[in-house]
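Undergrad: The listed protein sequences correspond, in order, to chains A and B.
Quick note, the first sequence lines up with residues 1 to 216 if you use our numbering.
Quick note, the second sequence lines up with residues 1 to 310 if you use our numbering.
Bear in mind the hints are in silico, worked out from the structure with no lab data behind them.
For glycine and all other residues, C-beta sits at the position ideal for the given N, C-alpha and C.
Be aware that one or more of the hints could be misleading.
[To be verified] Example chain B residues on the side facing chain A (calculated, C-beta under 10 Å, incomplete): (1) Glu-80; (2) Tyr-99; (3) Arg-132.
[What the hints assert, rightly or not] Straight-line distance between alpha carbons at most 27 Å, and here's what the computed BS3-like set of lysine-lysine pairs gives: (4) Lys-275(B) <-> Lys-206(A); (5) Lys-211(B) <-> Lys-36(B); (6) Lys-206(A) <-> Lys-269(B); (7) Lys-206(A) <-> Lys-211(B).
[Said to hold, decoys possible] According to the in silico footprint, chain A covers these stretches of chain B (three or more CB under 8 Å from chain A): (8) 87 to 95; (9) 272 to 281.
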Amino acid sequence: MMNKIPKLLFFIFFVKPVVFIILGLNIRGRNNLPLTGPAIIVANHNSHLDTIVIMSLYPLSKLHKIRPVAAADYFLSHPLLKWFSLNCIDIVPIKRNSQLKKSDLFQECHTALNKDDVLIIFPEGTRGAPEEIGRIKHGIFHLAQERNDTQIIPLVTHGLGKSLPRGEALLVPFNCDVIIGTKLPPETTRETFIENLSNAFNDLLKYCLTRNNAER
Amino acid sequence: MFNIPLNSFYIILVIFGMLALGSVSRVFISKKNPDKDFTELRQRIQSWWWMITILVSCLIISQTAAIILFGFISFLALKEFFSIVPTRQADRRVIFWAYLSIPVQYYWVSIEWYGMFIIFIPIFIFLFLPMRMVLIGETKGFIHASGITHWAVMLTVFCLSHIAYLLVLPVKNIDAGSIGLVIFLIFMTQLNDVAQYIWGKCLGKHPIIPKVSPNKTREGFLGGVITITLISGIIAPFLTPLTMAYGFLAGLIISVSGFVGDVVISSVKRDLEIKDSGTLIPGHGGILDRFDSLIFTAPLFFHYIYYVAY
């Protein structure tokens, strides 16, 4: 119980005020949000804010079940960042670029899903250029393959790359869109799975208010 | 306890009465047609309750509370505007400065420095922002970007701050107090939206600007203008220093400019190919969807009354 307190305090006093007053969300498809696990939210990644915005959609009572999957080599690299990542965000660390077998790679994810947690995964693997969806990596397919019990929900955020793009420290207030889709169908081949996911992202992007004609 | 001037108090009661009537009729209508979906209507009325309760609470708590509320509304409106229009990634810091104009502008209101209030945005901010953009040095899209930034601040900060300045004008109608003018302006502006909608629904035939708003009709517009002009003439002596004759004119100004504000923001949304500017107010859309008319009525009503009565 004690170890949940830093996360709770961080969300009450920092995340919720920042997300709902300084940023402001245009939420579509809120009913599609998985309230109970095991589930995986698959989202596009433009900013560090993505993670906390998605987590802030949940009531405080559910917060401890919502855990983003994040790169161990980055988030556990510095002692302070490590403490913050593990206690305030409660990430599921994953070792990118390691020589591990696929099943070992996702060991921590399986442990979390077995506890009915909701995982957040950014399959682009990196934040990339602002407001652009990069190439989707295959890891998510292999994880989904091993979990018949887990629903995969696509989610798109847009506008956060404007508020806090990669490499910037100044947070500028902008509304952002959060569009939650319906769960992806189970697929047996990697290509169709990735294609479905990519189509789902593009479809959800159409509902974004902050996405102007130039980007369409 | 709160010392609400009596005339303003009566009008607040009338407004809450109208809301209650709206809620009761909504329940009645949805009971009569159980198979129809009234979610949006319910949300719309519920949001009205929230908005009016917040506004009235701030107005009666203190002048400072009300000024802070309008400053916050300016912030929400400016943020929404910047979020839907195209902005350049390079201008993030310029936009940050644009936000900072809000507390300063409302500070001038709170210390009742009229001269500064009226020139701060159109002179200082409008000259400062392009300078800040030059310092960034990105010239591609410069004209477009500075045009958007200036207009955004003009509409959401300069125009809306006129509502707050109504609060600090010397009280000339003691029975209505300083909040009387604000209640009059907001009540008439919103009633105008409703009146134009109802007249349009009942009699509307000839579209007035089909390219922007296909649902707006000449009949709705005229019906709204006549209704608001008449009601303003009756209420103005009660809530403002205006006589009945000047009240009619105030109503005419509010209803015509309210219509213009509405269709201007509609054109912005149409250009961006979006229906609502946000989802902040359930059943209404974004903050700009609700304050579109007020952006135009506030400065025009303010300068009218400032000329006539001060």
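Undergrad: All hints, please: hold or fail.
TA: Status of each hint after checking the structure:
no. : hint                      : verdict
1   : Glu-80                    : holds, 6 Å
2   : Tyr-99                    : holds, 6 Å
3   : Arg-132                   : violated, 13 Å
4   : Lys-275(B) <-> Lys-206(A) : holds, 13 Å
5   : Lys-211(B) <-> Lys-36(B)  : violated, 30 Å
6   : Lys-206(A) <-> Lys-269(B) : holds, 15 Å
7   : Lys-206(A) <-> Lys-211(B) : holds, 23 Å
8   : 87 to 95                  : holds (count 5)
9   : 272 to 281                : holds (count 8)
When held up to the earlier numbered hints, the structure conflicts with 3, 5 and fits the remainder.
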